[in-house]
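Peer 1: Residue numbers (the numbering used here), protein chains in the order written: chain Y, 1 to 391; chain W, 1 to 377.
Honestly, the hints are just simulated from the structure, not real lab data. Glycine residues also receive a C-beta, built at the ideal position from the N, C-alpha and C atoms. Keep in mind that a hint or two might mislead.
List time: in silico DSS-like cross-link candidates among lysine-lysine, alpha-carbon distance up to 25 Å [to be verified]:
hint, chain 1, residue 1, chain 2, residue 2
1, W, K267, Y, K390
2, W, K312, Y, K7
3, Y, K11, W, K267
4, Y, K109, Y, K47
Examples of chain Y residues lying across from chain W (beta carbon under 7 Å, computed) [unchecked claim]:
hint, residue
5, Q208
6, L274
7, L279
8, Y282
9, A285
10, Q288
11, F291
12, I293
13, L296
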Amino acid sequence: MDFRFTKEQEKFRQEVRGFLEEELRQGNFEPSCDAWIQGYSPEFTRKVAQKGWIGLTWPEEYGGQGHSNVDRFILTEEMLRYGAPAACHWFADRQIGGSILRYGTEEQKKELLPKILRGEAYIGLGMSEPEAGSDLAAVKTRATEDGDDYILDGQKMWTSCGMFMNYIYLVARTDPEAPKHRGISEFVVDVSLPGITITPTIDITGSQAWAEVFFDGMRIPKKCLIGEKNRGFYQIVNQLAYERAGLERLMANYPLFDAIIKFAKETKRMGKSLSQDRLIRYKLAQLQVEFEIGRLLTYRVALVIDKGSTPTVEAAMAKAYSTTFEQHLASTAMEILGLYGQVTAGSKWVPILGMAPHSYLGSKGYSLQAGASEVLRNIVAERGLGLSGKL
Amino acid sequence: MDFAFSEEQEMLKKMARDFLSDKCPKTLVKEMEEDEKGYSPELWQEMADLGWMGLVFPEKYGGSNMTFLDLAVLLEEMGRACLSEPFFSTVILGGLPILDAGSEKQKQEYLPKIAGGKAIFTLALTEPSAQYNPSSIAVKAIAENDDFIISGTKLFVPNAHIADYLLCVVRTSQQARAEEGVTIFIVDAKGPGISYTVLKTIANDKLCEVVFDKVRVSKENILGQLDQGWSVVQRIVERAAVAKCCEMVGGMQKVLEMTVDYAKERKQFDRPIGSFQIIQHYCSNMATDVDGSRFGTYQAAWMLSEGLPGTKEVAIAKAWIGEASERVIGFAHQIHGAIGVTMDHDLQFYTRRLKAAQLTFGGADFYREIVAQEMEL
Numbered sequence: 001m002d003f004r005f006t007k008e009q010e011k012f013r014q015e016v017r018g019f020l021e022e023e024l025r026q027g028n029f030e031p032s033c034d035a036w037i038q039g040y041s042p043e044f045t046r047k048v049a050q051k052g053w054i055g056l057t058w059p060e061e062y063g064g065q066g067h068s069n070v071d072r073f074i075l076t077e078e079m080l081r082y083g084a085p086a087a088c089h090w091f092a093d094r095q096i097g098g099s100i101l102r103y104g105t106e107e108q109k110k111e112l113l114p115k116i117l118r119g120e121a122y123i124g125l126g127m128s129e130p131e132a133g134s135d136l137a138a139v140k141t142r143a144t145e146d147g148d149d150y151i152l153d154g155q156k157m158w159t160s161c162g163m164f165m166n167y168i169y170l171v172a173r174t175d176p177e178a179p180k181h182r183g184i185s186e187f188v189v190d191v192s193l194p195g196i197t198i199t200p201t202i203d204i205t206g207s208q209a210w211a212e213v214f215f216d217g218m219r220i221p222k223k224c225l226i227g228e229k230n231r232g233f234y235q236i237v238n239q240l241a242y243e244r245a246g247l248e249r250l251m252a253n254y255p256l257f258d259a260i261i262k263f264a265k266e267t268k269r270m271g272k273s274l275s276q277d278r279l280i281r282y283k284l285a286q287l288q289v290e291f292e293i294g295r296l297l298t299y300r301v302a303l304v305i306d307k308g309s310t311p312t313v314e315a316a317m318a319k320a321y322s323t324t325f326e327q328h329l330a331s332t333a334m335e336i337l338g339l340y341g342q343v344t345a346g347s348k349w350v351p352i353l354g355m356a357p358h359s360y361l362g363s364k365g366y367s368l369q370a371g372a373s374e375v376l377r378n379i380v381a382e383r384g385l386g387l388s389g390k391l
Numbered sequence: 001m002d003f004a005f006s007e008e009q010e011m012l013k014k015m016a017r018d019f020l021s022d023k024c025p026k027t028l029v030k031e032m033e034e035d036e037k038g039y040s041p042e043l044w045q046e047m048a049d050l051g052w053m054g055l056v057f058p059e060k061y062g063g064s065n066m067t068f069l070d071l072a073v074l075l076e077e078m079g080r081a082c083l084s085e086p087f088f089s090t091v092i093l094g095g096l097p098i099l100d101a102g103s104e105k106q107k108q109e110y111l112p113k114i115a116g117g118k119a120i121f122t123l124a125l126t127e128p129s130a131q132y133n134p135s136s137i138a139v140k141a142i143a144e145n146d147d148f149i150i151s152g153t154k155l156f157v158p159n160a161h162i163a164d165y166l167l168c169v170v171r172t173s174q175q176a177r178a179e180e181g182v183t184i185f186i187v188d189a190k191g192p193g194i195s196y197t198v199l200k201t202i203a204n205d206k207l208c209e210v211v212f213d214k215v216r217v218s219k220e221n222i223l224g225q226l227d228q229g230w231s232v233v234q235r236i237v238e239r240a241a242v243a244k245c246c247e248m249v250g251g252m253q254k255v256l257e258m259t260v261d262y263a264k265e266r267k268q269f270d271r272p273i274g275s276f277q278i279i280q281h282y283c284s285n286m287a288t289d290v291d292g293s294r295f296g297t298y299q300a301a302w303m304l305s306e307g308l309p310g311t312k313e314v315a316i317a318k319a320w321i322g323e324a325s326e327r328v329i330g331f332a333h334q335i336h337g338a339i340g341v342t343m344d345h346d347l348q349f350y351t352r353r354l355k356a357a358q359l360t361f362g363g364a365d366f367y368r369e370i371v372a373q374e375m376e377l
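Looking at chain Y on its own, in the form it has when it is part of the complex (with noise of 0.2 Å):
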């Protein structure tokens, strides 16, 4: 047992952190909230590219760095607390870049990890559509065989990263006649090509991070399949571990929290500090409790990756518990705001850049993507405690 990360591990967050505040005194980014998943700055991905911090635990073979996954959490860790806008590699770094690896042919990884790496394909998150949500092997966009391609035809909704994308990651059935857990296969399309359209969706935030995307007869080479025709659904449960496995998932609201604390620390009501106040300490003090937890939570999806498992347990209970703190932490920093706390970013008399009403209406999101929380309890009680509907 050991609590502490090694000397090398120390220097690799404080080179992180060096590199971030460099990037805020230049003025390149502000600090935000969910920045990871809405923050597209090719120029900043760009930078991250060139330190060799994206495919930072694949192999050196494959033009990574061969590091740890608790490394990999160091620098998100970092990058999540700076707010800083990592969303044009998050997703190719976190899981298709590890799907291509592990299931993709050598072509493939020929042709996509050397543009992932230098942050250059920036991939959309394809996965769930009007009636497969939860249910993701309900997907009905189809990929008809064709000669050398295949025909998509359907409609994605919630597309990460779909308004910015240069590929999209996508599932589609490919053989209708199969049960439906047998008939899906992975794709990376690159949605140059014709018979694509992509609209954003604005979401309760007014952010256009995600989009709808709709393929109408859309012809795509045969190479774009990734993996085994009609495995794709076992190829994607253990995706979906690594997707839901980071820090992300605790500290997407992480400005919000140092902010609000700055903000009870200097605020003064009857010429006495708000973290003065013992209602105030209370609930500050107790989201420190339970971001703790949860950051030990989540270390621990790291570990047990690092050790050659599949998180499948670890990750679906990091994520439900990580993402009940993040709502706490907005709807108690509005509580701490007061009248202000619906004031939003830009308006005269905004509090702390309005981070608080943004997290607070995003977070509603963040029990949803990537497995509903209730979702995520039946895999801990099926997987971990041996519970199901079978008994």
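Using the hints provided, position chain W relative to the given structure of chain Y.
Peer 2: Relative to the frame of chain Y, chain W by itself:
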């Protein structure tokens, strides 16, 4: 970073679990709750023979020179078994403070006795004010030649009625700062002027009122320095809080296992209740609370074991586990249904003990305030 036990710790854990399943069945736990002494001297001696009491003492004091983290492994298993022996009070509240702050002479005198199972210790810290802060230490010791005379009442002292020695925290001088003027004495528990009343508590865990009526103690029995005892007390409280967390993690893990097993067996509406999603989700929440408590607790235990300053980590662990254990017990009862609230069922042992453990050595509010201070609020 590594959250797993070492191979040796896994072996220690297995050995402790096997031993306690065999020697400390719930029939014994129940018997000891009703027993006047509250522990089994035979089992106590067997534990000493296994080297448990001296686990972390250096070899020259009859110990095995293992770490506090190793001790944490044992404590977890003791919590799982609802062990009633006075291990916590003797080792955590007596032995380790002497190892920390005692003179060489005191160490040589007391530690081998503890390691051999020949002396039971406890700590007389809290008073009727029932607080863990320095200003709550009001029982006085008045200097008289080479002695001190202690008078007053200590409350919530575990196992005092069977103790051979008490570490008694008293005020030896009035100073502007409450932290100054606090002294710890090692007191012969069977000496004249000391009387005990065992309190009736939910866990039947033999918390006592201890009344000191002009009890004479030599200044040679001061543990540490005269008037400078508060920093020693702080370390004791910190370590005791973590040790309690370890016991609680053991209890919570067992409650989770019992509950999941029961959910798989118990049938209603012609199917096991564990096949219903609401029950599955309750169990999933329990597992999350148990794991969170485990990592928080072992993080703090590891800090202390490594000799690192762990005030914040201890506070986080104890603040968290108080509420987490409350939720775990709540779900456990809801899933067990009415059978779980009978005295014939094992669950009630954990319900009563976990609640008592939440309250002792600082509850969630106490530690949230420490977290607030650590955050510089």
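Peer 1: Next, verify each hint and record whether it holds.
Peer 2: Outcome of the hint check:
Taking the CA atoms of W/K267 and Y/K390, the gap is near 13 Å; set against the 25 Å cutoff, the hint holds. In summary, the hint linking W/K312 to Y/K7 is supported, as the alpha carbons are separated by about 22 Å, within the 25 Å threshold. Between Y/K11 and W/K267, the direct Cα distance comes to roughly 56 Å. Violation of the 25 Å bound is thereby established for this hinted pair. With a C-alpha separation of about 22 Å, the suggested pair Y/K109 and Y/K47 falls inside the 25 Å cut-off, and the hint holds.
Because the beta carbon of Y/Q208 sits about 34 Å from the nearest beta carbon in chain W, more than 7 Å, this interface hint is broken. Restraint check, Y/L274 versus chain W: the minimum CB separation of about 9 Å is more than 7 Å; hint violated. Interface hint at Y/L279: violated, since its Cβ lies 11 Å from the closest Cβ of chain W, which is beyond the 7 Å cut-off. Against a cut-off of 7 Å between C-beta atoms, the interface hint on Y/Y282 holds, since the closest Cβ of chain W lies about 6 Å away.
Because the closest C-beta pair between Y/A285 and chain W is about 4 Å apart, less than 7 Å, the hint holds. At a threshold of 7 Å, the smallest CB-CB gap from Y/Q288 to chain W is about 5 Å, leaving the interface hint in force. Annotation: interface hint on Y/F291 violated; nearest CB of chain W at approximately 9 Å, more than 7 Å. Here the hint on Y/I293 is kept, as its CB sits about 4 Å from the closest CB of chain W, short of 7 Å.
Annotation: Y/L296 was flagged as interfacial toward chain W, and the flag holds, the nearest CB pair being 4 Å apart, inside 7 Å.
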